[in-house]
Amino acid sequence: MKIIAHRGYRAKFPENTVLAFKKAMEYGADGIELDVRMSSDKKLVIVHDPFIVDKLNLENAYIISETPLEDLKKIPLGMKQSIPTLKETLENLNNETFIDVEFKIPEVIEPSIELLEFFGFKNLMFSSFKRGILKDLKNEFPSALIGLLYEVYELEEIDELFDSLVNDVKKYDADSLNLPIDFFRGRDHLIGMLKKVRDLGIKIAFWTVNNMIDFDSIDDVTDFLITDEIEKMMNRKEIC
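Residues in the sequence shown are numbered consecutively from 90, following the numbering used here.
It is worth saying that the hints were derived from the structure and are not from the lab. Wrong hints could be hidden among the right ones.
Distance condition first, Cα-Cα at most 25 Å in a straight line; then the derived DSS-like pairs of lysine-lysine [said to hold, decoys possible]:
#, residue 1, residue 2
1, Lys227, Lys211
2, Lys260, Lys131
3, Lys219, Lys292
4, Lys101, Lys91
Between beta-carbon pairs, the in silico distance windows are [claimed, not checked]:
#, residue 1, residue 2, range
5, Tyr116, Met282, 28 to 38 Å
6, Leu279, Asp160, 40 to 50 Å
7, Glu159, Ile328, 45 to 55 Å
Here a beta-carbon is modelled for each residue, glycine too, at the ideal position from N, C-alpha and C.
Produce the entire structure from the sequences given, and follow the hints as far as they go.
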């Protein structure tokens, strides 16, 4: 099992910042997860939501796609951090670092791959809730894992979960099912189902796992555990 830092070491540092990513690796994470969007001047920026609010002036909200990088950089995130570009982030990481890159919009895919190749990053997963945009990525970047992200409401609507998940992997030429822990909590019979999924060679990632009870419930069926709580999860992993 790999412990992956959800937007960096988010429990202690401003999320999706260079500081959060560097601290995650310093504290022993096996990799990081980050979100890529695009500013109005076509710069790749690391931001989760389509908009961001200036915490020092709550009346100021910025739509990422409608705001140039120069203005986004002025938004304080705490601990002297600002919104980083993908380029800045990669420059501050060892290129052997495992990165789960969540693509928020299709427009960021090609330029992101170009940057990752330029800096020599190969230990990668490309993931998205918009699963259709991942379909042809295996041909473009064969060394990367392809991860299909699911929301709780999507899984609630599926009748034959095993068949549906396996069919999605085939349909999108994927390697990993990136699943919300909130859906599986307390449903032990589904954990057994996931063991059968893994027997087919399909990897399982869980997000966002932040407590020991959840960790213990999925320990046997997880390849990637995505968490805000790096130290807690690393310590639990060592005990197990």
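How the hints compare with the structure:
no.	hint	verdict
1	Lys227 x Lys211	holds (13 Å)
2	Lys260 x Lys131	violated (31 Å)
3	Lys219 x Lys292	holds (19 Å)
4	Lys101 x Lys91	holds (20 Å)
5	Tyr116 x Met282: 28 to 38 Å	holds (33 Å)
6	Leu279 x Asp160: 40 to 50 Å	holds (45 Å)
7	Glu159 x Ile328: 45 to 55 Å	holds (47 Å)
In summary, the structure is inconsistent with hint 2 from the numbered list given earlier, while agreeing with all the others.
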